[in-house]
Each structure stands twice: as structure tokens, then as C-alpha cells.
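We have chain U; now place chain A onto it with these hints.
Here is what each chain is made of, one letter per residue.
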Amino acid sequence: MDLPLTHRSYVSYIDRSREYYAAQGYDRPYAWAHHDDVPFTPLGNPLSGCRIGLVTTAARTQRTDMIGAPLMLRELYAQPADPPPARLFTDGLFWDKQATDTDDVDSFLPVNRLAEYAAGGRIGSASPRFYGVPTDYSQSRTREQAAPQILEWCREDGVDAVLLAGL
Amino acid sequence: MSLVSRHLEANGIPTAVMGSARDIVEECGVARFVFTDFPLGNPCGKPRDPRMQRAIVGIALTLLERAWMPRITVQTPFRWENDAWRDNFMRVDDGNREALARAGEERRRSQAAAKAKVR
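Line by line, the protein sequences give chains U and A.
The opening residue of the first sequence carries number 73 in my numbering; numbering runs sequentially from there.
The opening residue of the second sequence carries number 2 in my numbering; numbering runs sequentially from there.
Honestly, the hints are just simulated from the structure, not real lab data.
For every residue, glycine included, the Cβ atom is placed at its ideal position computed from N, Cα and C.
Watch out, some of these pointers could steer you wrong.
Partial chain A-side listing against chain U, Cβ under 10 Å, derived [to be verified]:
(1) GLU28
(2) ALA32
(3) ASN43
(4) ARG49
(5) PRO51
(6) TRP81
(7) ARG92
(8) ALA102
(9) ARG103
(10) GLY105
Just chain U, with the same shape it has in the complex (with noise of 0.2 Å):
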């Protein structure tokens, strides 16, 4: 509905977090990455030509606490893309359990639609491989050990560009 409002429509993530854990009586709150200049490389060639990549922040593995409670494994990994997976591990992760599932990989790691659009030509190819960097408190540790991994995953694949998803 086209109605005035009073504030933003979308939420914010960053004042909602903040709040639910300060009412848990975390006080220091988190400090979310914030950057003024943006990196940017243009598409080279054109999309018909390139082998796309994908990224994912949700696990491969899934192991069991001492008292039967699933944990996800957050382990760098590449897995083939073909077979596409038919399920990946989210429940470490941050999202909205109450309101969806993610019972589809292709919700949040478009697989077979990517693979679709190579069948179709629209891309050159879908890299045989995905990448998996299930999200990391810290961000020294994306920064100097997971992005370095993802970079080097992609190239080995002759990856031409990426599309990133955070569930």
C-alpha cells in the first residue's frame, strides 16, 4: 500500500540486533564493517562469455552437541555445483526461522537457476564448483583468512564473476 510513514519501511538489522542483545544484557554493542570507498571492477567481456561463480554463507556439514543439538560446521569449503546440493546447513546462521525456511538451496544459493541460465546461453557457464564462507564474528578473520580462500577457489575455476548470497 502506497502509504505515508513515519520512518523507513525496510528493518534495520544493525538498531534490531543491537536492541535483542542489550536486552540480554550485552551492552558493548557489535561493531558492523562500515567503509567509504567501495571497490569496483566493470564485467570485461560480456556475460555470454563468462563462467559465473556462486557464494554462500550456509554450511555443507552439520554435526550433533553432546546433547543431540545440531551445530553448524563453519568451514571454508568448494563443493561441486553438479550434483546440486539438496540441502545445506543454515541453523547457526542469522535469519528469520519463525517467518521461512530454507528448505530450497535455490532460495538462497541459486544453483540450478544459475545453471539454467548457462543451458540458456544467457551466461557463457556456471563454475563447476560453489564456495561456502559460513559468516564469521570476526571480521579479521573473513578479511584475511576466508575472502583470501574464496579468491583463490575462484580463480583455480577460471571464474570470470561472482554472485554472493547471505542468507
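Just chain A, lined up with the frame of chain U:
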């Protein structure tokens, strides 16, 4: 996720981020962002809706081609079937304030106990 995107861009690989946490992605700053205003969990389209998923991936591919500068956000035209999730997610109100405070205390206690065990 946004930090990984920035690293790839800085090393010559163009990227597009698909997501629903608009403020988190935009504050971090990425080259291209496809924003879908959904509850967190389905940034590439509703579950079991391949047509919507295909449309969102198509928007991301077009953005890869057409962006001429960084920080371009495109909002997809899709809407969730209701807006209840906007207020419900991580809600804090008089009804749960005490329970949240107790849960926080309990978690800190169990974390301290686990740490003591490791030592």
C-alpha cells in the same frame, strides 16, 4: 559476505551481492547489491518459487553487466505475503523483556562454565 565481495572486486573479479539485510550490506559497502525486501533467509527468492528465483538471479546478472560505478543497489519488485515479520523478528517488548534478560544471564553462565571446564 560483503567483505568477501569487496576482496574479490579489489582483485579484479566483478561481483553482485544478493541479500535482504539492506543496512548491513550498504554500510559495509559493495559494488553491486540486489536487495529483496524479505525476511532474512531467502535472498534469492521464495522457497519453491523457481520463477521468482530465476527473476532475481536475472536481475543480478543484468546488474553485473550494467553497473558503471560501485554502491549500486537495485531493489527487486517482490513482496512477502504479509508484513508481520518486520515487527516480529528479534522483537523486544514488555512481554519478553524479562525472559530475554534471563536468557542472556543463562547463556553467560553456561559459557563461563564451559570455559572453566576447558581450563
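Comparing the hints with the structure gives:
1. Of the supplied interface hints, the one on GLU28(A) holds, with its beta-carbon coming within about 5 Å of a beta-carbon of chain U, less than 10 Å.
2. Of the supplied interface hints, the one on ALA32(A) holds, with its beta-carbon coming within about 5 Å of a beta-carbon of chain U, less than 10 Å.
3. Satisfaction of the interface hint for ASN43(A) is found here, the shortest Cβ-Cβ separation to chain U being roughly 4 Å, below the 10 Å cut-off.
4. Annotation: ARG49(A) was flagged as interfacial toward chain U, and the flag holds, the nearest CB pair being 5 Å apart, inside 10 Å.
5. At its closest, the beta carbon of PRO51(A) sits 7 Å from a beta carbon of chain U; the interface hint therefore holds under the 10 Å criterion.
6. With a least beta-carbon distance of about 8 Å to chain U, the hint placing TRP81(A) at the interface is held under the 10 Å criterion.
7. Residue-level restraint check for ARG92(A) holds (minimum Cβ-Cβ distance to chain U is 8 Å; threshold 10 Å).
8. For ALA102(A), the shortest C-beta to C-beta distance to chain U is roughly 6 Å, which falls under 10 Å, so the interface hint holds.
9. Among the interface hints, the one on ARG103(A) holds; its C-beta lies about 9 Å from the nearest C-beta in chain U, closer than the 10 Å criterion.
10. The beta carbon of GLY105(A) comes within 3 Å of a beta carbon in chain U, closer than 10 Å, and the hint placing it at the interface holds.
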